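Visitor: For reference, the chains in residue letters:
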Amino acid sequence: MIRKKIGRQSVVFTESPCITGRGNVAGEKEGKGPLGECFDIVLKDDMYGEKSWEKAESKMLKEAMLKAAARAGKTPEDIDVMLSGDLLNQLMSSSFTARDTHIPFLGLYGACSTMTESLLIASVLVDGGYARHVLAGASSHFCTAERQFRMPVEHGNQRPPSAQWTATAAGAVVVSAGEAANLSLKSRVYAESATIGRVIDAGIKDANQMGAAMAPAAVDTLLNHLEDTGRSLDYYDMVVTGDLGYIGKDIMMDLLADAGLNKKMIFTHYDDCGTMLFSKSQDVHGGASGCGCSAAVFTGHLLKQMEQGKIKKLLLMSTGALLSTISPFQGESIPGIAHAVSLEVR
Amino acid sequence: MEGEKKEIAKAYEKYARQFTPKPDYLGNSIKAFLVGGVICTVSLWFQNRLTAGGMTEKDAGIFVTIALVAAAQLLTGLGVFDVIAKFAGAGVIVPITGFANSMVAPALEYKKEGPVLGVGAKMFSVAGPVLVCGISSAVAVGIIYWLAGRF
Amino acid sequence: MEYFWAFVTGGVICTIGQILMDTTKLTAPRILVIFVVSGVILQALHLYQPIVDFAGNGATVPLPGFGYSLAKGAMEGAEKGFLAAITGPLKSTAAGIGTALTFGYLISLIFTPKSPKR
Chain A
1 MIRKKIGRQS VVFTESPCIT GRGNVAGEKE GKGPLGECFD IVLKDDMYGE KSWEKAESKM
61 LKEAMLKAAA RAGKTPEDID VMLSGDLLNQ LMSSSFTARD THIPFLGLYG ACSTMTESLL
121 IASVLVDGGY ARHVLAGASS HFCTAERQFR MPVEHGNQRP PSAQWTATAA GAVVVSAGEA
181 ANLSLKSRVY AESATIGRVI DAGIKDANQM GAAMAPAAVD TLLNHLEDTG RSLDYYDMVV
241 TGDLGYIGKD IMMDLLADAG LNKKMIFTHY DDCGTMLFSK SQDVHGGASG CGCSAAVFTG
301 HLLKQMEQGK IKKLLLMSTG ALLSTISPFQ GESIPGIAHA VSLEVR
Chain B
1001 MEGEKKEIAK AYEKYARQFT PKPDYLGNSI KAFLVGGVIC TVSLWFQNRL TAGGMTEKDA
1061 GIFVTIALVA AAQLLTGLGV FDVIAKFAGA GVIVPITGFA NSMVAPALEY KKEGPVLGVG
1121 AKMFSVAGPV LVCGISSAVA VGIIYWLAGR F
Chain C
2001 MEYFWAFVTG GVICTIGQIL MDTTKLTAPR ILVIFVVSGV ILQALHLYQP IVDFAGNGAT
2061 VPLPGFGYSL AKGAMEGAEK GFLAAITGPL KSTAAGIGTA LTFGYLISLI FTPKSPKR
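Protein chains in written order, with the numbering used here: chain A, 1 to 346; chain B, 1001 to 1151; chain C, 2001 to 2118.
Hints were generated in silico from the structure; no laboratory data involved.
Be careful, since some hints might not be right.
[Claimed, not checked] Pairs of lysine-lysine, DSSO-like flavour, derived with a Cα cap of 27 Å:
#, chain 1, residue 1, chain 2, residue 2
1, C, K2114, A, K32
2, A, K264, A, K205
3, A, K44, B, K1112
4, A, K263, B, K1014
5, A, K205, B, K1006
6, C, K2114, B, K1058
7, A, K280, B, K1111
8, C, K2114, A, K280
9, A, K263, A, K310
10, A, K55, C, K2114
11, B, K1031, C, K2025
12, A, K304, A, K264
13, C, K2114, B, K1014
14, C, K2114, B, K1031
15, A, K313, A, K264
16, B, K1022, A, K280
17, A, K205, B, K1058
18, A, K263, A, K313
19, A, K51, A, K32
This one's a predicted model, so the numbers in the text were calculated from it and none came from an experiment.
For reference, chain A alone in the conformation it holds in the complex (with noise of 0.2 Å):
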């Protein structure tokens, strides 16, 4: 009775599941980066007008998906599951919005590769036709992320060249089931198939190398996407990874092509939300990070693309370091992960 499994890791959606909603909230740096123009709402205070960064990241969640249902022309009412996850302790900012919002609510912890994963799960749920429609986002926060991972913003630490920079944004989308997809939107966006990765531990323990820890797990879950599928990398206008910032993505690429594949097909398919979101010029020394990078950068940026018809397949990777607040003091490497989720444009 299997029918939608493919390969060793990776599923085929038979019954189209849509992207009919997309919302985002970045924060004030991000607002000023690149991608500035791109976002919903671009915060002027990372407070949010709230009394502590928690509720802050938690407020911006809850806009990102309010957004998202409003695009998708639905009420909270009519979400069926919402599917998602966060940086902090017991996911305090999803559990916190969906306290606020009254959809059941499955909580997932991805670290930084939540996106993706929340993006997974909804587009699985609806094409098993467990679900109408359902909201799948992730959220960080520079100063909720940094104080429970690092040290106090008020500190005075120098960040090595290597430390990313954890984005202060959330993201959220709507997958609706195909038939009952929102039919006035100009190009539609499917998710086609997906990969489930698999955890990689390199043996980095330096929590500020983020980026090289995670790229072998990126690696790994992208080979065995190719694999599955039977695809070349060529196949997708785009493949993005979601945070494996500036030393990561060299880091991916040199695998890659250690891998065997071909080198110029890898520098034109191929890119990373970490190097996306800021400029060099904001001094964030790696690239971005968190869980809100590639929420943000996909559904700010990259579904933008596609609704335009600019990039008509894409394979979004979102990349997690799965490191405890208190595994590196116990001399634990960093293991990493990556799901991939196809989408394409119809």
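Could you slot chains B and C onto chain A? The hints should help.
Guide: Coordinates of chains B and C only, in the frame set by chain A:
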């Protein structure tokens, strides 16, 4: 098996390092040298003014420490210290100013968790280990010297 | 000349810290601990006093100077007796620690942290 895993991890770390830009060792060191030197010189000048005003050298030293600590903490509260430290690095972290900053920075951030378990507890999240290690090693030195004096 | 040596000594100690931070993966709290404890140990071996005599504030303002004061208090106390050996370290640094605690607490209650701009 375990050793083999370690070897692979080491090889990958070395591989990843060639993609990682190096910090500007020389520039950072020069900045730390200059700023650290200036802090020490200014505090010496301040101390000399105090002793010239009739204060004993010991009291003047204590006042200098108090002034440095208070200045660093005020700058931290104003959100300026991290900007200075980004430039000067160890130049402001290694002097007593870095210790003062390490108390206020986490405490500020945990304000929402209350004045006791938030601010009160978090003041020691970075400074605590410094005090614990410094004071206990000094007490150990005291006891060793006391024992040595008895025999 | 007094100022010159204070400048150079303070600068050199800070440069050592910078090199440690850049070349190792040591985080700031560990650097602070290393510096304070090394000040304690150096003074226990009577090695830090000469630097202080030579450089004045150049040696007392950096964190090894804090360790130096702690150890000096302990060693002076040890001459008076067991109790003084234990109270010595805190006594000699009480003003600094007291200010850091009280003023730090006050500052933390007054100000709020800012999200980095740019």
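Visitor: Can you give the numbers of the hints that this structure goes against, from lowest to highest?
Guide: Failing hints, ascending: 2, 6, 7, 13 and 17.
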